[in-house]
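Use the sequences and the hints to build the structure in full.
These protein sequence lines map, in sequence, to chains A and B.
Residues in the first sequence are numbered from 1 upward in steps of one, following the numbering used here.
Residues in the second sequence are numbered from 1001 upward in steps of one, following the numbering used here.
These are computed hints drawn from the structure, not numbers from a lab.
This one's a predicted model, so the numbers in the text were calculated from it and none came from an experiment.
One thing to keep in mind: the hints can contain errors.
Pair by pair, the computed Cβ-Cβ distance ranges are [claimed, not checked]:
hint, chain 1, residue 1, chain 2, residue 2, range
1, B, K1013, A, E77, 42 to 48 angstroms
2, B, G1003, A, R59, 20 to 26 angstroms
3, B, Q1041, A, R66, 26 to 32 angstroms
Listed next, the stretches of chain A that the computed footprint assigns to chain B, with coverage defined by at least 3 CB atoms under 8 angstroms from CB atoms of chain B [claimed, not checked]:
hint, region
4, 27 to 35
5, 44 to 56
Glycine is no exception: its CB is placed at the ideal position from the N, C-alpha and C atoms.
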Amino acid sequence: GQSLEQPSEVTAVEGAIVQINCTYQTSGFYGLSWYQQHDGGAPTFLSYNALDGLEETGRFSSFLSRSDSYGYLLLQELQMKDSASYFCAVRGNQAGTALIFGKGTTLSVSS
Amino acid sequence: KAGVTQTPRYLIKTRGQQVTLSCSPISGHRSVSWYQQTPGQGLQFLFEYFSETQRNKGNFPGRFSGRQFSNSRSEMNVSTLELGDSALYLCASSLGTSGRANRKYFGPGTRLTVT
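Laid out in structure tokens, this is it:
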């Protein structure tokens, strides 16, 4: 079926760069999305990649390689406020048009 | 533009009872999806509705049901509650169901506790 794999936890220090990887399995592919969720908050959209390559939005970038069924989220100049959970999500054929999420990566940024 | 709203925000029920959760999407959004979030399990997909039609359903028992009204508002119902149903239930709306239109806007969630 449809599945996504991402690391459960990542730690880093302020000012550093961190990469959160996501590998997916799905029949049919309609793009890879990333969402951020702070403790007690709602998930919020970060980025969407439908084609191979890098998309940059400020300190955050997202990369996709469709041939490798792989993507990553790159966070630069880390700040304490970036401490949150990050989810990758795909829409594939198995679940129709539904967006399916990975289990999330908890990022802890320390000073 | 107002965001996605969910009511109630918190709910405590006992086993065997049923519960109805409500979601009002962003104005103009026709797609509403529901997710269950529990620690360590991420966001598990429950249902997706588009223009009052259920487009997809996740791997949840028949005790979980939902519907969408003509104004795009949606409700989900859980009957015969079990302890394992305790979770944060998130509703998300989007303009559409493909490409960038599938960008989800989440509500704050309903925290359901079953005792």
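> Are 3 or more residues of the region 44 to 56 of chain A near chain B, judged by a Cβ distance of less than 8 angstroms?
Replying inline: holds (count 4)
> K1013(B) and E77(A), beta-carbon distance inside 42 to 48 angstroms?
Replying inline: holds (45 angstroms)
> If you check the beta carbons of G1003(B) and R59(A), does the distance land in 20 to 26 angstroms?
Replying inline: Because 24 angstroms falls inside the window, the suggested range holds.
> Using the C-beta atoms of Q1041(B) and R66(A), is the stated range 26 to 32 angstroms upheld?
Replying inline: Since the Cβ atoms of Q1041(B) and R66(A) sit about 27 angstroms apart, the hinted range of 26 to 32 angstroms holds.
>> Cut-off 8 angstroms, C-beta pairs, minimum 3 residues; does the coverage of the region 27 to 35 of chain A by chain B stand?
In response: With 4 residues close enough to chain B, the hint holds.
Consistency with the previously given hints is maintained throughout, with no hint failing.
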